[in-house]
Amino acid sequence: MCDPLIGGLISGAASLVAGASAASQQADLMQKQNDANAQWVAYQTKIHQDQVNAENQARQQAENARQDTLTKVGPQAQQQAQQTEQQRLNALYGNPGGARATPDAMTGQPSSLALSGEQTGNQTPFAGSLTAAVNNATTMARGRIAALATAGSYGGSFGGLGTTVPMDFTQGGNAINLQNAIRKGNLSTYGVEQQVQPLSYAASPAIGATQSIANALGGIAGTLVSSGIRGGGGSSWFGGGSSGASAPSVGGNTSSWM
Amino acid sequence: MVQMQQQQADQAREANIERNARLAAGTSQINQLFQGHAKGAHLVDLSTLANPPSPPAPPPPPPGLEGGYQAKGIPGTSQYGLYDPNGYLLNTAYSMSDLAKTQVPVGGDPSAGGHMLDLSSLTAPPPGAPPPPPPDPLEGYRYRAMPDSGGGTQYGLYDPSGNLVNVAGSIADLTKTQVWAGGDPSQTEGGFGSDFYDKFRTSILNYYLPQEDEQYANARTGLNYSLARAGSLNSSIAATDVGKLAEQDTMNRAQIASQADTQTAGLRQQVQQDQQTALNQLYSTEDPSVAANTAQNMVANANLTVPMLNPVGALFAPITAGVGNAISGFTNPYAYITGGGMMGATPAVSTPSGSQSTGANVNA
Chain A
1 MCDPLIGGLI SGAASLVAGA SAASQQADLM QKQNDANAQW VAYQTKIHQD QVNAENQARQ
61 QAENARQDTL TKVGPQAQQQ AQQTEQQRLN ALYGNPGGAR ATPDAMTGQP SSLALSGEQT
121 GNQTPFAGSL TAAVNNATTM ARGRIAALAT AGSYGGSFGG LGTTVPMDFT QGGNAINLQN
181 AIRKGNLSTY GVEQQVQPLS YAASPAIGAT QSIANALGGI AGTLVSSGIR GGGGSSWFGG
241 GSSGASAPSV GGNTSSWM
Chain B
1 MVQMQQQQAD QAREANIERN ARLAAGTSQI NQLFQGHAKG AHLVDLSTLA NPPSPPAPPP
61 PPPGLEGGYQ AKGIPGTSQY GLYDPNGYLL NTAYSMSDLA KTQVPVGGDP SAGGHMLDLS
121 SLTAPPPGAP PPPPPDPLEG YRYRAMPDSG GGTQYGLYDP SGNLVNVAGS IADLTKTQVW
181 AGGDPSQTEG GFGSDFYDKF RTSILNYYLP QEDEQYANAR TGLNYSLARA GSLNSSIAAT
241 DVGKLAEQDT MNRAQIASQA DTQTAGLRQQ VQQDQQTALN QLYSTEDPSV AANTAQNMVA
301 NANLTVPMLN PVGALFAPIT AGVGNAISGF TNPYAYITGG GMMGATPAVS TPSGSQSTGA
361 NVNA
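Going line by line, the protein sequences match chains A and B. Mind the numbering: the first sequence is residues 1 to 258 in this note's numbering, read in order. Mind the numbering: the second sequence is residues 1 to 364 in this note's numbering, read in order.
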C-alpha cells in the first residue's frame with residue numbers, strides 16, 4: 001500500500017514539526033517565567049531600596065532629635081541654663097512683687113525701718129546702730145537669697161535643671177517616638193510587600209500533548225524506516241503483509257491508527 | 001492570586017502613607033496647641049475646601065508700547081522686563097506697576113520732540129481684561145482623593161508645594177485640620193506661654209504676701225511696743241532686732257516666692273504630662289481628630305488647676321516672743337539676783353541677744 005520507508009520519513013518529518021512546536025511553546029513559557037521572575041526581583045529590589053531609604057530617613061530624623069536633645073542637656077547648655085535661672089530666681093526672691101514689692105531690708109534706706117519713737121537723726125548713736133544692723137541684715141539676706149536661688153536653679157524651680165532637663169528629654173523622646181512609629185509602619189508595610197510572589201507559569205496540557213505526538217511520530221518513523229530498510233520494499237506494514245514487522249506500540253491499537 | 005497580593009501590598013503601602021500623614025498632622029497639632037505657633041501666624045481657612053476657587057484666568061497679553069518697546073515677563077523668573085525695540089533688556093521689576101516707573105527717553109532731545117516713554121499703560125488693565133481674581137482663601141491648599149488603601153475613600157490635604165498634610169475620611173473632617181501659615185518661626189505665641197505661668201505664680205504670691213506683710217507689720221508693732229515698754233527703743237539691741245526682723249521679712253518673702261515658683265514648675269510639668277498623654281493617645285488611635293479633642297480637654301484641665309494655698313503660719317512670732325521674754329527678764333527682779341548681777345548673762349532667762357538667736361533659729 002505504501003512504502004514503509006516513505007511512511008517513516010513522513011512520520012519523522014511530522015515528528016520534527018511537532019517537536020519544534022512543542023519546543024517553541026516551551027521556550028516561550030520559559031521566557032515568560034524568566035520575565036516574571038525578573039519583574040519580581042525588580043519589584044523586591046525596589047521595595048527593599050524604598051524601605052532602606054525610608055528607614056535611613058526616619059533614623060536620621062530620630063538621630064537629629066537625639067543629637068538636639070544631647071546638645072540641650074550638655075554641660076555647657078546646663079551651666080548656661082543654670083546661671084540664667086539663678087539670676088531670674090535671685091531677682092524674683094529679692095523682689096517677689098505684691099503691694100510691697102521690695103522687702104524693707106532691700107530698699108537701702110535703713111532710717112525708714114526705725115520704729116516709732118526711735119531717734120533717727122544723723123548724729124544719734126541709734127541711727128548708726130540701726131544703719132549698721134540693717135546693712136548687716138541686708139547683706140545676710142542677699143547672701144541667703146543668692147544661695148537659695150542657686151540651689152533652686154539646680155532643682156525644681158520653674159526654669160531649674162530639675163524641671164527643664166527632663167522636659168528636654170521628653171521633647172526629644174517625642175520626636176524619636178514619632179520617627180519610630182513611622183519606621184514601624186514602614187517595616188510592617190515592607191513585610192506585606194515581601195509576601196508578594198512572582199508570577200508562576202505552568203505548562204498547559206497542549207504542550208505536553210504536542211510533545212507526546214512528536215515522540216509517537218518519532219517512534220513510528222523509526223519503526224517504519226527500519227522496517228522499510230529491512231524489507232527492501234516488499235510487503236509492508238501498510239499493506240498488511242506478513243513482513244513480520246511488529247506494530248508500533250505507541251498509539252495504542254495500531255491497526256486502526258490510519 | 002499574585003495580582004491580589006500586589007493589590008494588597010499597594011493598599012498597605014497607601015494605608016501606611018495615610019497613617020504617617022495623620023501621625024505627623026496630629027503631632028504638629030498637639031505641639032502647636034501646647035507650645036504655641038509661629039508669632040504672627042494665622043489659621044488657614046479651610047471651610048471652602050470642598051469648593052476650591054477655579055484657577056485664575058491666564059494673564060492678559062502685555063500691553064503694546066510706542067516705538068516697539070515691550071514689557072513682558074522674563075522667562076524662568078517671576079519678574080517683568082522692559083525691552084527696547086532691538087530686544088535689549090532695559091529694566092526689570094517684580095510688577096508691571098514698578099516697571100512703569102522706568103524713565104526711558106525716546107526721540108532724542110526734548111527740544112526736538114524727544115520725550116519720556118509713556119509706560120502708563122503698564123499700570124492700567126487692558127480694555128476687556130477680566131478683573132483680578134480674588135485672593136485664594138485656601139492659600140493654595142487643596143484636597144485630593146487618596147489612592148485606594150483597601151477601605152473607604154480617604155481624602156488628603158495637600159499644601160501649596162504638593163506635600164501631604166493630613167488625611168481624613170471625609171472632606172468635612174479635612175476642613176477641621178488646623179494649619180498655621182506665615183509668622184515668624186523663630187518666635188512663638190499661643191499655647192502655654194509665660195503669661196499663663198506668670199499668672200499662676202502671681203496668684204500664689206498675691207495670696208501669701210499680704211499675709212506676710214500683715215504679720216511683719218504686727219511683728220514690728222509688737223517689737224516697738226515691747227522695746228518701748230522696756231525703755232530700750234534707742235538701744236543698739238533695738239537696732240539689732242529691727243535689722244533681724246527686716247532680714248527675716250526678706251527671707252520669708254523669698255521663701256514664699258520660692259514656693260510659688262516651685263508650684264509653677266509643677267504646673268509646667270503637669271502641662272508637659274498632659275501633652276504626653278495626648279501624644280500617647282494619638283499613637284493609640286492614629287487619629288488626629290481624637291487626639292486633638294484630648295488635647296483640648298487637657299488644656300481645659302490645665303486651666304482649671306489651682307494652687308495649693310494654705311494659710312501661712314506664724315512667721316514672726318518667735319522674735320516678738322523673744323522680746324517678750326527679754327522684757328520679762330528686765331522686769332524680773334529675781335533675774336538680777338540669780339543671774340549674778342549681769343544682765344544678759346543669766347542662763348535662766350532670755351536676753352535681747354537671746355532674742356536674736358531665737359530669730360536665727362526661726363530662719364533656719
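Certain hints may be false.
Chain B stretches covered by chain A per the calculated footprint, using a threshold of three residues with CB under 8 Å from any CB of chain A [to be verified]: (1) 3-15; (2) 22-33; (3) 155-169; (4) 199-206; (5) 251-265; (6) 270-281.
Simulated crosslink set (DSS-like; lysine-lysine; CA at most 30 Å straight-line) [stated by the list, open to error]: (7) 101/B - 184/A; (8) 46/A - 32/A; (9) 72/B - 199/B; (10) 72/A - 184/A; (11) 184/A - 32/A; (12) 72/A - 39/B; (13) 199/B - 72/A; (14) 101/B - 199/B; (15) 72/B - 101/B.
Source of the hints: derived by calculation from the structure; they are not laboratory data. Ideal Cβ positions, reconstructed from N, Cα and C, are used throughout, including at glycine.
- Broken hints, numbered, in rising order? 3, 7, 9, 11, 14
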